[in-house]
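Colleague: According to mature numbering (1 follows the signal peptide of the UniProt record, and there is no 0), the stretch in the sequence shown is residues -24 to -1, 1 to 191, in order.
Since the hints were derived computationally from the structure, they do not count as laboratory data.
Watch out, some of these pointers could steer you wrong.
[Claimed, not checked] In silico lysine-lysine, DSBU-like type, Cα no more than 30 Å apart, as pairs: (1) LYS70 to LYS83; (2) LYS134 to LYS74; (3) LYS78 to LYS130; (4) LYS74 to LYS135; (5) LYS78 to LYS134.
From a predicted model like this one, the values you see are computed outputs, not experimental measurements.
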Amino acid sequence: MRNIITRSCIAMLLLLILAVPALAAERQPQRIAQFPLVIESWQQPDASVQDQLERKIDRALHVPLNDTLKAVTYIPEKDCLAAWDEVEGDMTGKVRIKDMAKPIAEKLQADLVVIPVVAAYEQHTTMSWYWDRGMILHSRAEVQLIVYDRAQDKLVHKKASDFFDDEYSSSGTASYLALNCMDRVIRDADLHGFLWPLDRGSAAADSAKKTAAKS
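Work out the full structure: start from the sequences and follow the hints.
Modeller: Here is the structure:
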């Protein structure tokens, strides 16, 4: 019985391996404009915190075996930033980032635009008025995530904020709050859900849909 199960698993794996190149050839890759972290706060997260925040976006948009599947194409950062400058220059009055997402998508022919923003990031300490208490940590963070899906003409703008005002704790630092806020906006926006299904645009998928519609 164990040998039968093992052979079945191997056969299924081989079928999957053989199907991957055909699937990749048939589908159009999803073009994603993933922007680096936009920082609007007076205080800035240090480089390591910025890197951690951006890696959370990377993980949410990660497609396993993408080098083989060619499921998504990430538009080069320099092209994204150039489009940002052009769109911003064309707009008048107070420019809001969420209003730039759609024209950026059109300029880049991007299927998905993702812009993470640190809107607030503050931290300082004061001495407690009470002799039996230590340093008091005051911190605040706000993170926003702007996502535009061009196929659906859908804009999602999620915000998360938190603050801490108590005796010093590593879980009260602005970096800790910001990282938690990033997790929340990614979850609330369902960022991974904006990735196209692997069978989108494939002949096999289109044929199956037509067959199902006729039956």
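Colleague: Does each hint fit the structure? Answer for all of them.
Modeller: Quick rundown of the hints versus the structure:
1. LYS70 to LYS83: holds (20 Å)
2. LYS134 to LYS74: holds (10 Å)
3. LYS78 to LYS130: holds (9 Å)
4. LYS74 to LYS135: holds (12 Å)
5. LYS78 to LYS134: Roughly 16 Å between the alpha carbons, so the hint for LYS78 and LYS134 holds.
Taken one by one, the earlier hints all hold for this structure without exception.
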